[in-house]
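Student: Chain by chain, the residues run as shown.
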Amino acid sequence: KNEVEQSPQNLTAQEGEFITINCSYSVGISALHWLQQHPGGGIVSLFMLSSGKKKHGRLIATINIQEKHSSLHITASHPRDSAVYICAARPNTGNQFYFGTGTSLTVIP
Amino acid sequence: GAVVSQHPSWVICKSGTSVKIECRSLDFQATTMFWYRQFPKQSLMLMATSNEGSKATYEQGVEKDKFLINHASLTLSTLTVTSAHPEDSSFYICSAQRGFYEQYFGPGTRLTVT
Numbered sequence: 022k023n024e025v026e027q028s029p030q031n032l033t034a035q036e037g038e039f040i041t042i043n044c045s046y047s048v049g050i051s052a053l054h055w056l057q058q059h060p061g062g063g064i065v066s067l068f069m070l071s072s073g074k075k076k077h078g079r080l081i082a083t084i085n086i087q088e089k090h091s092s093l094h095i096t097a098s099h100p101r102d103s104a105v106y107i108c109a110a111r112p113n114t115g116n117q118f119y120f121g122t123g124t125s126l127t128v129i130p
Numbered sequence: 020g021a022v023v024s025q026h027p028s029w030v031i032c033k034s035g036t037s038v039k040i041e042c043r044s045l046d047f048q049a050t051t052m053f054w055y056r057q058f059p060k061q062s063l064m065l066m067a068t069s070n071e072g073s074k075a076t077y078e079q080g081v082e083k084d085k086f087l088i089n090h091a092s093l094t095l096s097t098l099t100v101t102s103a104h105p106e107d108s109s110f111y112i113c114s115a116q117r118g119f120y121e122q123y124f125g126p127g128t129r130l131t132v133t
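Residue numbers (this note's numbering), protein chains in the order written: chain L, 22 to 130; chain G, 20 to 133.
Certain hints may be false.
What the hints assert, rightly or not - Here are the in silico distance ranges between beta carbons for each label pair:
1. G:F58 with L:E26: 18 to 24 angstroms
2. G:A21 with L:K76: 16 to 22 angstroms
3. L:H90 with G:K60: 22 to 28 angstroms
If you're looking for bench data, these hints aren't it; they were derived computationally from the structure. Source: prediction; values computed, not measured. C-beta atoms are modelled at their ideal positions from N, C-alpha and C, and glycine is treated no differently.
If we strip away everything but chain G, and leave its shape as in the complex, we get (with noise of 0.2 angstroms):
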């Protein structure tokens, strides 16, 4: 099946920096990615979708200041959260689309700010 990965898997910052993390699908393209968060115990939440070549689309309740999407290729989407506070510590999950429907996940990155 389709491989998406993310970069890095998990990753310790100091609050106030900035931490970027990338979702790469491995043997097709995607014109589309998704970002998504997940909190201890919930479920996955949509967070934004993102096109190549163009600027991202956010849920509500999102701020696109804080977390910048970057769809620069076909085959790289890159979510930076910027200003990094604690309560911005969660796992971060990345989904690329193939073709219509066929969606594959990344394993995710955990985040945690101190």
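Next comes chain L alone, as it looks inside the complex (with noise of 0.2 angstroms):
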């Protein structure tokens, strides 16, 4: 069983459509990072959320304590998003990270 569900596993939207992308885990955490890896391997760290709610540009992430739930929202989508979201948990204790398997999203023109 892994520590950290996201879903969809894949996700193709239309230019301009609202995306959401879901992380579910099941250890008590300190922070949950929302991270970006383009198909060149590269990876972008876009959010670090301990709660609430957090904006940056056309990407709002946010985060349910209670429910171990955090969600990463995409508005007017477009074809440059196009990339693998991954949800990373870091528990209370310790200093690994329970990684998601990452989200693949396909915004077409």
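Combine the two chains into a complex, taking the hints into account.
Tutor: Listed below in structure tokens is the structure:
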């Protein structure tokens, strides 16, 4: 059983659509990260959350600690948003992250 | 936000040679850095935890003599893949910890061993 589950695994959207990627985790955490990985492999840290909501441009990340759930939203999606989005949970104890398997997003023009 | 860099971003080496990958925290000091490995279409897997001034802690199944980690300063950790083999070809990612729980990921290094 994975400590972090992401859904959907794959997502195809039309340009302009509102996108939601979900992440559920089963352990108590001190922080949750959303990462973006482009086809070439490079990783970009999008958000680090411990509570509430953060917004950066067209990206919004929310977390509900009680429900052990986080969502990443992309408004007005664009083909350049096409990437794999990874949820990573930092448990309360220890340094190791639990990583989701990623959501592969393709935005079609 | 905090920035973590890795160098090189990609490297090709011949089988049997050694390759060094650098991880730097550019605008903060990191007492702890982490090295991950990612196989194609798989998630990141923690290889080792690197603490400044002390020996790295390796995860089970990771050969410490093959993957040498040095954390010589508060802003630099290096991963050296010794006597590289084609099966070592992978994407290597570091992250640096600031404070208690803030972690920032590097962009990754793609290693290809021919």
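Student: Now tell me, hint by hint, if it's right for this structure.
Tutor: Consistency of the hints with the structure:
Checked against the hint of 18 to 24 angstroms, the C-beta distance between F58 of chain G and E26 of chain L comes to roughly 20 angstroms, which is consistent with it. In this structure the hint that A21 of chain G and K76 of chain L lie 16 to 22 angstroms apart at CB holds, the actual value being about 19 angstroms. Hint check: H90 of chain L to K60 of chain G, Cβ distance near 25 angstroms, so the stated range 22 to 28 angstroms holds.
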